[in-house]
Amino acid sequence: MTWSEMQPLLSQACWDTLYMVGWSTLIAVAGGLPLGILLVLTDRGGLLQNVVAQKVLGQVVNIARSMPFIILMVALMGFTRWITGTTIGREAAIVPLAIGAVPFFARLVETAVREVDGGLVEAVQAMGGNTWTIVRKVLVPESLPSLIASTTTTVVALIGYSAMAGTVGAGGLGDIAIRYGYQRFETELMWITVAILAVVISLIQFAGDYAARSLHRRDGRSGPAPRLRLLKADAASSETA
Amino acid sequence: MITTSGLTKVYRSRGREVTALDGVDLHVREGEVYGVIGQSGAGKSSLIRCVNLLERPTAGTVTVAGQDLTALAGRGPRAGKELRRARSRIGMVFQHFNLLSSRTVQDNVELPLEILGTSGRARSAKALELLDLVGLADKAGAYPAQLSGGQKQRVGIARALAGDPKVLLSDEATSALDPETTRSILALLRDLNRQLGLTVLLITHEMDVVKSICDSAALMEKGRIVESGTVSELLATPGSQLAAALFPVGGEATGDDRTVLDVTFHGERTTQPVVSQLARTYNIDISILGAAIDTVGGLQIGRMRIELPGRYEDNVVPIGFLREKGLQIDVVDSAARQTALVKESAK
Numbered sequence: 001m002t003w004s005e006m007q008p009l010l011s012q013a014c015w016d017t018l019y020m021v022g023w024s025t026l027i028a029v030a031g032g033l034p035l036g037i038l039l040v041l042t043d044r045g046g047l048l049q050n051v052v053a054q055k056v057l058g059q060v061v062n063i064a065r066s067m068p069f070i071i072l073m074v075a076l077m078g079f080t081r082w083i084t085g086t087t088i089g090r091e092a093a094i095v096p097l098a099i100g101a102v103p104f105f106a107r108l109v110e111t112a113v114r115e116v117d118g119g120l121v122e123a124v125q126a127m128g129g130n131t132w133t134i135v136r137k138v139l140v141p142e143s144l145p146s147l148i149a150s151t152t153t154t155v156v157a158l159i160g161y162s163a164m165a166g167t168v169g170a171g172g173l174g175d176i177a178i179r180y181g182y183q184r185f186e187t188e189l190m191w192i193t194v195a196i197l198a199v200v201i202s203l204i205q206f207a208g209d210y211a212a213r214s215l216h217r218r219d220g221r222s223g224p225a226p227r228l229r230l231l232k233a234d235a236a237s238s239e240t241a
Numbered sequence: 001m002i003t004t005s006g007l008t009k010v011y012r013s014r015g016r017e018v019t020a021l022d023g024v025d026l027h028v029r030e031g032e033v034y035g036v037i038g039q040s041g042a043g044k045s046s047l048i049r050c051v052n053l054l055e056r057p058t059a060g061t062v063t064v065a066g067q068d069l070t071a072l073a074g075r076g077p078r079a080g081k082e083l084r085r086a087r088s089r090i091g092m093v094f095q096h097f098n099l100l101s102s103r104t105v106q107d108n109v110e111l112p113l114e115i116l117g118t119s120g121r122a123r124s125a126k127a128l129e130l131l132d133l134v135g136l137a138d139k140a141g142a143y144p145a146q147l148s149g150g151q152k153q154r155v156g157i158a159r160a161l162a163g164d165p166k167v168l169l170s171d172e173a174t175s176a177l178d179p180e181t182t183r184s185i186l187a188l189l190r191d192l193n194r195q196l197g198l199t200v201l202l203i204t205h206e207m208d209v210v211k212s213i214c215d216s217a218a219l220m221e222k223g224r225i226v227e228s229g230t231v232s233e234l235l236a237t238p239g240s241q242l243a244a245a246l247f248p249v250g251g252e253a254t255g256d257d258r259t260v261l262d263v264t265f266h267g268e269r270t271t272q273p274v275v276s277q278l279a280r281t282y283n284i285d286i287s288i289l290g291a292a293i294d295t296v297g298g299l300q301i302g303r304m305r306i307e308l309p310g311r312y313e314d315n316v317v318p319i320g321f322l323r324e325k326g327l328q329i330d331v332v333d334s335a336a337r338q339t340a341l342v343k344e345s346a347k
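So the protein sequences, as listed, match chains A and B.
If you count the first sequence from 1, position 139 lands on 139 in full-length UniProt numbering, and the numbers rise without skipping.
If you count the second sequence from 1, position 273 lands on 273 in full-length UniProt numbering, and the numbers rise without skipping.
Among the clues, some could well be false.
[Unchecked claim] DEER-style ranges, computed between Cβ atoms: (1) B:R224 <-> A:Q205: 55 to 61 Å; (2) A:L48 <-> B:S184: 37 to 43 Å; (3) B:T58 <-> A:T84: 51 to 57 Å; (4) B:A145 <-> A:A53: 33 to 39 Å.
Since the hints were made in silico from the structure, they are not lab data.
Using N, Cα and C, we set each Cβ at its ideal position, and we do this for glycine too.
Throw the hints in and build the complete structure from the sequences for me.
Right under this line is the structure:
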């Protein structure tokens, strides 16, 4: 296979992957953020304490989280057809991707929100703030750096899931790697997809870390992201050596 | 201004019950600084959290500025609109400041005003005015992480004042600060109390806090108020633990055959030459074991521990002479000192 043959395949695959991951991330954040916050609020001692609701939500999240994605995708086929009218293609892949990512993101949100100092909640209660005010002015803004880091983790996980979505004809980089690289022994093309995935994931991770870092004012420093500093330190030590 | 009656708080967890407050009756007058002191676990935190109902009392009532908050609270665990409005008129400052790290100093002070629904321009004007009042006008754009502990607490105080409260609750506001910063924060609270007529209820475990700014004080032990009153009342109460702690004088009897007295002077009596009068009148040798003159709650107080030769029975007449002079005399017996020492070492 020549580069001119590979190039349109790869660019279409990149676009398909970004399309699926982009939409499912949006849905995962829209669904997982409220769900994660609810998991915290309904817990024992929480502002909306409701032990039954917490147990039920937690159980649903646990089951959905522990389901292997490829099984989830097959199991959800009926639901996917009901939503999108088909079980094949990019749009059809977004449904199981989003449903798999919502509980994943919700658990990360839960952990991030639990880290917010209870004293801040108490302070806003003492000012006369209601639960919605506390969510909007305290829990979300104070955990924002962690929430961004959680979103990054979710995007990276979704890129991994989306490779399996190739099995329902959704296209994407994973699909190329399997169909051409594995089934047709186009090793070169496979390695190119691996390189592209590595670069994309690194870029997303870097952008996410940078965004989280620049919001993190808790330590009172406004220096560059740790990775940049690490590089500089390496450069300095190699100069001295 | 703040009245609690029969305030009781029982925590239940896994079948065990812990009584944090056991029928607390507290009365804080308008415009005074009232200190509640006690060791950790005495129930101070529960008490101050029950005043604005951050904790729901198990029984009893809380009245702030004539409003019965316990009646407003309703039955459910969530605070209704009425209670939230009442809370917005009670300022609160915290031991660990509780500032939002994601907001600038000015935005932190504006937060209570956002909750009250004040418009943007009025908010920032009020916030800057309050920051000026606490001496941090130049830090409006800084983030809490860039401030020192004392500065953070000043922001906390400015924020507590944003809703124009009549009452300020202070939960160990100076306990995380060094002695010098503590003094400056206490001076600020005192100034606000005088300038704005703010009623302050503070809880603390530091006797110095009570000594330097409180008009009245209460001592809490095991969920109960053991002693309470204005500082001068307390100092005039024979055998008051708070008075002894506010103004300790040391010194041990030099032998068994001695009588040890604590003499307390108030106001202009501080300057009377009583000891030499006593020595001349009865021709006895008096040793001074310890003495101090200090200002407590704006009053000049002197305390002296003296030793007279002979047992208590031999000294009834000299003690009567001192009492006649209008001095407060506490006879320190060795058994009492023993328990006092045990207490001291238990701390």
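Checked hints:
no. : hint                          : in the structure
1   : B:R224 <-> A:Q205: 55 to 61 Å : holds (58 Å)
2   : A:L48 <-> B:S184: 37 to 43 Å  : holds (41 Å)
3   : B:T58 <-> A:T84: 51 to 57 Å   : holds (55 Å)
4   : B:A145 <-> A:A53: 33 to 39 Å  : holds (36 Å)
Violated hints are absent here; each numbered hint is respected by the structure.
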